[in-house]
Amino acid sequence: MTYAVSEIRSASKPRRRWLSHAAIEPWLYLSPAIILLVVVLLVPLVIGISYSFRKFSAFKSEYVGLGQYQAMLSDQVLGQALVNTLWWTVASLFFQFFLGLGLALLLDKPFPGRKVVQALVFLPWAVPSFLSGLTWAWLFNPIIGPLPHWLFALGLKAEPTNVLSDPSTAMWGPIVANIWFGIPFFAITMLAALKSIPSELHEAAAIDGASPWQRFTKVTLPFLAPTIAITVMLRTIWIATFADLIFVMTEGGPAGSTNTVPVYIYVSAFKSLDKGYASAVAVLLLVLLIAYAIALIGIRRSLVRHV
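Residue numbers for the sequence shown follow UniProt numbering, so the first one is 1 and each next one is one higher.
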């Protein structure tokens, strides 16, 4: 009996050793990626959050606790930047999504020259954002660009002036540029999702007498809903934190009409040299986007359960 017990114990030792090795081995394979994520993402995040509790001057910094966050409560420029960010994000996302979905539905059907159209649709995504902003700024310039003259010919403007120089219309310049820049993202993802829908479902719906609109709303849209939720979430975060186009085209002007939160963070950190306040505003934007992402992920899970 004693021999059997000792034999069982001796047999369990290699098994325990094997289990511990099996548990550690995946982490060893993942360690390069984990170290990279920690160094590139986590460490800068912690440093940025710590900066938000300090006030920086030319040669020194001091701990101010929640002083930077209290200053945000009375910052009218930040309040206007939040409104501009909401307007910039919603308008860009609305047109990007619906135009991208329309192009995906078009490219899902065979027609002559589809490959050429597909390449042209995806081309803006390959253009650097700095170059896109510079090009659209030229297009809106009435001296070298055609767009002000076209708007004047259509009766949309009283004279061919620069849209970007008018506070009431300046935001539309970066929004149009961002729509052109972001349509390919939705077109690519929606086209991939459309390809994954079984064709038998559309055939069965057509046999049952469903109209094209009914097939889209009852078959296509429910299958696209989870993909729509995750792509809308990702694109919203990217647009809300996107400052390249606006800064290249307007630098937040005129009169702060295009000053979004990312632009305000950049100006505060690198022009006003107030890294502490810029970090506090960045933390505020981070919290708002995390809350938005959590809400949208919950909606996506409910959509997945109903598909």
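These aren't lab readings, by the way, just hints derived from the structure by calculation.
Computed from a predicted model, the values in this text were never measured in an experiment.
The beta-carbon is built from N, C-alpha and C at its ideal position, and this holds for glycine as well.
Fair warning: there could be bad hints in the mix.
Claimed, not checked - Here are the simulated EDC-like cross-link-like pairs (lysine to aspartate or glutamate), alpha carbons at most 20 Å apart as the crow flies:
(1) K60 / D75
(2) K275 / D75
(3) K60 / E25
Unchecked claim - Listed next, with one range per pair, are the computed distances between beta-carbon atoms:
(4) I34 / L221: 35 to 43 Å
(5) I34 / G79: 37 to 45 Å
(6) Y63 / T135: 24 to 32 Å
(7) I230 / I24: 53 to 61 Å
(8) I47 / T135: 15 to 23 Å
(9) T135 / Q70: 24 to 32 Å
(10) L286 / A22: 35 to 43 Å
(11) G79 / Q214: 12 to 20 Å
(12) F152 / P254: 36 to 44 Å
(13) A22 / T217: 47 to 55 Å
(14) V40 / G155: 33 to 41 Å
(15) Q214 / L286: 38 to 46 Å
We went through each hint and held it up to the structure:
no.: 1; hint: K60 / D75; in the structure: violated (24 Å)
no.: 2; hint: K275 / D75; in the structure: holds (16 Å)
no.: 3; hint: K60 / E25; in the structure: violated (46 Å)
no.: 4; hint: I34 / L221: 35 to 43 Å; in the structure: holds (39 Å)
no.: 5; hint: I34 / G79: 37 to 45 Å; in the structure: holds (39 Å)
no.: 6; hint: Y63 / T135: 24 to 32 Å; in the structure: violated (45 Å)
no.: 7; hint: I230 / I24: 53 to 61 Å; in the structure: violated (32 Å)
no.: 8; hint: I47 / T135: 15 to 23 Å; in the structure: violated (35 Å)
no.: 9; hint: T135 / Q70: 24 to 32 Å; in the structure: violated (42 Å)
no.: 10; hint: L286 / A22: 35 to 43 Å; in the structure: holds (37 Å)
no.: 11; hint: G79 / Q214: 12 to 20 Å; in the structure: violated (46 Å)
no.: 12; hint: F152 / P254: 36 to 44 Å; in the structure: violated (20 Å)
no.: 13; hint: A22 / T217: 47 to 55 Å; in the structure: holds (49 Å)
no.: 14; hint: V40 / G155: 33 to 41 Å; in the structure: violated (51 Å)
no.: 15; hint: Q214 / L286: 38 to 46 Å; in the structure: holds (42 Å)
Checked against the numbered hints above, the structure violates hints 1, 3, 6, 7, 8, 9, 11, 12, 14; every other hint is satisfied.
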